[in-house]
Amino acid sequence: MAEFINFYLFPGLVLGSIYALGAIGITMTFGILRFANFAHGETMTLGVYIAWTLVQLTGFKSMAAILLVLMPVSMMLTIMIVLLIDKAFYKPLRASPVIILVIASFGLMLMIRSVTQFSWGVQLKTILPGIQPRMQFLDFFSFPLKHVFIVGGALLLMYAVHHVLTYTKIGKAMRAMSDSPELARLTGINTEKVVMATWVMGAGLACAAGVFLAVDTQVDTMMGFKILLPMFAAAILGGVGKPYGAMAGGLVIGVAEELSSYPWLGDGPLLDPGYKQGIAFAIMIAILVWRPTGLFKGKSF
Amino acid sequence: MDPVLYGYMLYGISLLTVGGMYAILTLGLNVQWGFTGLFNAGIAGFFGIGAYTAAILTTSPHTSHVGGFQMPYVVAAIAAMLVAGIIAFLVGKVCLKLRSDYLAIATIGIAEIFRLIVNNETWATNGPRGISQIPRPFEGLPEPLNQFAFLGVVLVTLAGVYWLMEIARKSPWGRVMTAIRDNETSAKAAGKNVETFRMEGFVIGCMIMALAGALMAHYLKFVNPQTTDPLLATFIVFVMLVIGGSANNKGAILGAFLVWTLWSASEIVAPRLLEAIGMADAGIRSAYVRIFLIGLLLQIFLQKNPQGLLPETRPSSPGKNEP
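Heads up: the sequence lines are chains W and C, in that order.
Per this note's numbering, the very first residue in the first sequence carries number 1; after that it's consecutive.
Per this note's numbering, the very first residue in the second sequence carries number 1001; after that it's consecutive.
These are computed hints drawn from the structure, not numbers from a lab.
Each computed DSSO-like pair below joins lysine-lysine, with the alpha-carbon atoms no more than 27 Å apart: (1) 91/W with 1304/C; (2) 87/W with 172/W; (3) 226/W with 1093/C; (4) 87/W with 1304/C.
What follows is a list of derived Cβ distance ranges for each label pair: (5) 1264/C with 69/W: 42 to 50 Å; (6) 92/W with 1194/C: 29 to 37 Å; (7) 61/W with 1305/C: 45 to 53 Å; (8) 92/W with 1098/C: 25 to 33 Å; (9) 186/W with 1305/C: 33 to 41 Å; (10) 226/W with 1300/C: 23 to 31 Å; (11) 2/W with 1098/C: 40 to 48 Å.
All of these numbers come straight from a predicted model, not from anything done at the bench.
Positions of the beta carbon are idealized from the N, C-alpha and C atoms, including for glycine.
All chains should be modelled from the sequences, with the hints used to inform the complete structure.
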């Protein structure tokens, strides 16, 4: 039981909270700008490399310093870059059919990736060197300290999202526009402002999710693309345009991926770990077949 | 013949051969994106399905992968198209009734799953090491005749696909397709079964992509998971179609040859340019510069000239232009 929790369930929650943070941006872009943003994974990667560069420049080595000081700075820088990208590449296409925006984001995915690979190279890097200590609870539960930080940080950020969406004017406007863009416009909501806020939220959270993933694993130019599909699946599972759905969807997919290699039947893992990446896709297809609106009754176009 | 000239000639042949295969891929995408308005982000997957099917069916027995069927090329190509068509049908069943974004996500997923299967099912595909010694039509002929002959195979196939797609475009079927793309509601009101038409467009497009994949397997004589690199096989085909002109079969072919020529010429020029300005690792980094520039080219076309070089021309309705 302790093994199940220590090595399957808790790592699943860690992965799930990373997916959840990433999926919030995807679902909000999908709901408010109305297109599936393929470049979201690369935004994440870019944020990680910005953070990595800051770590090298400042020489900070402790997890607390990286997560509490450098991560917010990287989030700001990522947000600024994404706002510039919006101005140059998405804004001119606002009046075009949405599918043109999808193609543009597909192109941007490769453009951002090539910039990352050009500037930093493709060799694996680490953001947090050394062996990380584990934390012991009640004799049999033991988690790496970094995992505790990741889950805690993700919960904090999700709470912040909840606060913005529930209590601030711009947050309410975002939800209104996601629910019905025409109605939102009629009530005098400044749509450009809402679009900006969506990018700010999406890019900031993408950077945070990326840094968490980098702290957990490694820094790699393909890391964002590798988790793009799970993030899409989380957004669809939770219901498109529903930030809380994306959070729940992310957690479900992260846990499902980790639990898939638990020896449920017999001794070997239930599913060959080589196919772990297929889990998100399988869940996504299942939800598209049986309940395209997702768990939280999002949009189905 | 002068060896330098001979080298240029071989380069020209390979440019036309690979360009021709990309033109077939682009024609396949044109059925989906150009005429039907469907976004297939998993071109690499269907291309790979075609390549692997053809490879497995035509190779001689080998210990590292399933095979030894040694089927004729035509049979293998048809089988490749059928396999891709069946998978496309299943994907379409799930996604075509939803908005186009979902199809994009699901198809990129199919491409990824295909890559997972190829990498993991080593008994069938030899995993990351791939399948080698795939036969190529006319490879027994003396050099460079064999190169010319295979180029001929590609160009004849391209001409055949083009001819069929032109017939389809001008037929009532093709006109319904564009009607659905431009105004789904009115097409529905006219009594057209939108979902069936979309499915037909999607499946036909994927089958054409698989055909291109089969040709590529024979041309390279080797396939591995890298052959279906999502970048080259998906993105560049989109760039080709958007630049050439969506919904125009001639534009698709023009875009394919044009972008492929630019792409391979830049492979020679870009590293030297970067080296000339004194950049470190010019060879590796030039690849990223090229990808960035081709992405930028796509963005410029999307913003300034979304119709492409050869804009769509609608076939005239029968009866209208008759005397």
